[in-house]
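**Student:** Now for the letters of each chain:
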Amino acid sequence: MPPNVALLEARALHARYGEIEALHGINLDVAQGSIVALLGANGSGKTTTLRALTGATRRSGSILFDKREVIGHAPEDVARLGIAHVPEGRGTLSTLSVWENLAMGAYTLTDARRTRARYEKLVAYFPWLAERREQPAGLLSGGEQQMLAIARALMMEPRLILLDEPSLGLAPIIVSRIFEILRTINRDDGVTILIAEQNAAAALALADQAYVLETGRIALSGPSHDLAGNEQIRKSYLGY
Amino acid sequence: MHDLAQQIVSGLATGSIFASMALALVLIHRSMGVINFAQGEMAMFTTYLAWQFSQQGMPLWLAFPLTIAIAFAGAVALERIVVRPVERAAPLTIVILTLGLLIAFNGLAGWIWGYVIKAFPSPFPTTPLHFGSVAFSSQDLGIIAVSLASLGAISVFFKKTKVGLAMRAAALYPESSRTLGVRVGWMLALGWGMAAAVGALSGLMIAPVVLLDPNMMQGILVYAFAAAVLGGIESPLGAVVGGLMLGVGLNLIGAYVPFIGTDLQLTMAFAIIVVILLFRPAGLFGRRRLLRV
Ligand SMILES: Nc1ncnc2c1ncn2[C@@H]1O[C@H](COP(=O)(O)OP(=O)(O)O)[C@@H](O)[C@H]1O
Ligand SMILES: [Mg+2]
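Chains as they are written, first to last, in this note's numbering: chain B, 30 to 269; chain C, 206 to 498.
Just so you know, the hints here were simulated from the structure itself, not pulled from any lab data.
Nothing here was measured: the structure is a model prediction, and the numbers come from that model.
Glycine included, C-beta positions come from ideal geometry on N, C-alpha and C.
Any given hint might turn out to be false.
As the list claims (entries may be wrong) - Label pairs and their in silico Cβ distance ranges:
hint: 1; chain 1: C; residue 1: A309; chain 2: B; residue 2: D218; range: 53 to 59 Å
hint: 2; chain 1: B; residue 1: A146; chain 2: C; residue 2: L267; range: 43 to 49 Å
hint: 3; chain 1: C; residue 1: L471; chain 2: B; residue 2: Y46; range: 45 to 51 Å
hint: 4; chain 1: C; residue 1: P486; chain 2: B; residue 2: E48; range: 34 to 40 Å
hint: 5; chain 1: C; residue 1: L297; chain 2: B; residue 2: R40; range: 52 to 58 Å
hint: 6; chain 1: B; residue 1: V152; chain 2: C; residue 2: T331; range: 55 to 61 Å
hint: 7; chain 1: B; residue 1: E38; chain 2: C; residue 2: K367; range: 30 to 36 Å
hint: 8; chain 1: B; residue 1: S265; chain 2: C; residue 2: L482; range: 56 to 62 Å
Stated by the list, open to error - Calculated pairs, DSS-like style, for lysine-lysine (alpha carbon to alpha carbon, straight line, at most 30 Å):
hint: 9; chain 1: C; residue 1: K365; chain 2: B; residue 2: K150
hint: 10; chain 1: B; residue 1: K150; chain 2: C; residue 2: K367
hint: 11; chain 1: B; residue 1: K150; chain 2: C; residue 2: K364
As the list claims (entries may be wrong) - Example chain B residues on the side facing chain C (calculated, C-beta under 8 Å, incomplete):
hint: 12; residue: H53
hint: 13; residue: A85
hint: 14; residue: P104
hint: 15; residue: E105
hint: 16; residue: P116
hint: 17; residue: G120
hint: 18; residue: L122
hint: 19; residue: T124
hint: 20; residue: L125
hint: 21; residue: S126
hint: 22; residue: A132
hint: 23; residue: Y136
hint: 24; residue: M185
hint: 25; residue: E186
Throw the hints in and build the complete structure from the sequences for me.
**Tutor:** Below you can see the structure in the form of structure tokens.
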């Protein structure tokens, strides 16, 4: 991992739903090639943070992605810059087939051969995708839909992938499989990852850095093994 | 027997017009959740353009494609300029806008071309085609062939091309599509363009039969709506099958059930809309959304 070249820098990031402000000016750094965990209880603002980064939720402040300001960009343009978003609830295109979901992931790639190559690569990670490629994605199990959502996000060759609670509602064995794959794509493909999680133990084991959100503010941040190693922090902020 | 075959073919001809218009309605309904009540008047207006071109001496083989291209481009522009500001408004707002467009196109056509009914040149030969001992109208066969070919092409476009896939995704899952880099607004505009192009083709095909006047598409739009409801307003295939069924059904009833005849056909179409909405709101081909959490 190249030491501390910032890929994403958010400064004084605010986000609001109508009149209500949900994010009260947070600072967030994601280094190139790293995995960063965004922790916090239900309602603390994890989803809002990710949506503010992509522009899906109204936001203000500054977000530099690879030194370029992205506030003012529409979500589709943020995607085109190389930020993939696996949303809360997975965003499965349920009536479309597995293959069509993946093809939509590669929508921004103009070269059909590159799309094909990406697909081959992802089938190596998720072999079942090939067997079920013609099935409607809505018929997959929750774990399979989560893997499909990750595979779809990887199709666009993103530089940064934002994951919103990929472990939600899944059996522990599926969660560890998914996290293993995330570790692999980070290490082997150099994809930077920002992962929002309520499952703090699993996320800290995966991440290099972590931020803890509390009612729309960063309560705490640091290297993940420091956070995980501090019993006081674990008890009062992370709930395990 | 011969008579029955002829009635069925002639029903398929009107049915393929209903089918095309129904598909146009479904294309827009899928992406915006509303019926474009101006769909018929847009088709009527572009048919007048073709008439104007041919009056000026342009051959039909040129006038027709040009008209369809204008319909496509015009509807894309219409969506971007007029519809876009209300894209995210309540469905009722959009419906009222399309009603406004209906009145505007109708009034504009009347103002430019008048309300006197005009003959419209047919692209098909007037001599009937014989299959064994049965003679079919070339016009009917031509309408069926052209409509089904265009519907087939649209189906291939949606199934096999990247833009077609993106249009489907954008219509059904706008937010997810945006995060994948799809310009959803432009997909919507393309949908308007395609719907208008299909509508224009229907207008060109049916105008020689019903003759050209500013109200020529109003009845057809009701049938198209009935067809779309019959097949399932979410389903393009359903719209096409619904249109063909309706065309054949109404034609057979008109020919063989004298007390309904042709006078009550529009009433029948309304009855179908009401019955389907009551007992099978998703239509014959409508599927419930697949969902698993
Ligand atoms: N669509 C919305 N409209 C209004 N308020 C919302 C909406 N989504 C989230 N919020 C509020 O924003 C805050 C942060 O929510 P969220 O980002 O979903 O938290 P988390 O993902 O950490 O559970 C909560 O108080 C929540 O009620
Ligand atoms: Mg959340």
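**Student:** Hint by hint, say whether it matches the structure.
**Tutor:** Do the hints match the structure? See the list:
1. Checked against the hint of 53 to 59 Å, the pair A309 of chain C and D218 of chain B passes, with Cβ atoms roughly 54 Å apart.
2. Separated by about 44 Å at the C-beta atoms, A146 of chain B and L267 of chain C satisfy the suggested range of 43 to 49 Å.
3. Between L471 of chain C and Y46 of chain B the Cβ separation comes to about 48 Å, which falls inside the hinted range of 45 to 51 Å.
4. A beta carbon spacing of about 37 Å between P486 of chain C and E48 of chain B agrees with the range 34 to 40 Å that was offered as a hint.
5. Restraint check, L297 of chain C to R40 of chain B: a C-beta distance of roughly 42 Å breaks the suggested window 52 to 58 Å.
6. Between V152 of chain B and T331 of chain C the Cβ separation comes to about 58 Å, which falls inside the hinted range of 55 to 61 Å.
7. Checked against the hint of 30 to 36 Å, the pair E38 of chain B and K367 of chain C passes, with Cβ atoms roughly 34 Å apart.
8. Between S265 of chain B and L482 of chain C the C-beta distance comes to about 57 Å, which sits within the given range of 56 to 62 Å.
9. At roughly 23 Å between alpha-carbon atoms, K365 of chain C and K150 of chain B fall within 30 Å of each other, so this suggested pair holds.
10. Only pairs whose Cα atoms come within 30 Å are accepted, and K150 of chain B paired with K367 of chain C is accepted, the gap being roughly 20 Å.
11. Between K150 of chain B and K364 of chain C the CA atoms are separated by roughly 24 Å; this keeps the pair inside 30 Å, and the hint holds.
12. Contact between H53 of chain B and chain C, as hinted, is not supported at the beta carbon level, the nearest pair being about 25 Å apart and thus beyond 8 Å.
13. Evaluation of the A85 of chain B hint against chain C yields a held restraint, the C-beta minimum of about 7 Å falling below 8 Å.
14. Interface hint at P104 of chain B: satisfied, since its Cβ lies 4 Å from the closest Cβ of chain C, which is below the 8 Å cut-off.
15. Interface restraint check for E105 of chain B: the shortest CB-CB distance to chain C comes to about 5 Å, inside 8 Å, so the restraint holds.
16. Because the closest C-beta pair between P116 of chain B and chain C is about 7 Å apart, less than 8 Å, the hint holds.
17. For the restraint placing G120 of chain B at the interface with chain C, the shortest Cβ-Cβ distance is roughly 4 Å, inside the 8 Å limit, so the hint holds.
18. Proximity of L122 of chain B to chain C holds as hinted, the smallest CB-CB distance being about 5 Å (cut-off 8 Å).
19. A least Cβ separation of about 6 Å between T124 of chain B and chain C falls short of the 8 Å threshold, and the interface hint therefore holds.
20. At about 6 Å, the closest approach between the beta carbon of L125 of chain B and any beta carbon in chain C falls short of 8 Å, and the interface hint on this residue holds.
21. Checking S126 of chain B against chain C: minimum C-beta separation of about 10 Å lies over 8 Å; hint violated.
22. Using the Cβ-Cβ criterion of 8 Å, the hint placing A132 of chain B at the interface with chain C is satisfied: the shortest such distance is roughly 6 Å.
23. Among the interface hints, the one on Y136 of chain B holds; its C-beta lies about 5 Å from the nearest C-beta in chain C, closer than the 8 Å criterion.
24. For M185 of chain B, the suggested interface contact is upheld, since its CB lies about 7 Å from the closest CB of chain C, less than 8 Å.
25. The closest approach between the C-beta of E186 of chain B and any C-beta of chain C is roughly 12 Å, which is over the 8 Å cut-off, so the hint fails.
Against the hints set out earlier in the document, violations occur for numbers 5, 12, 21 and 25.
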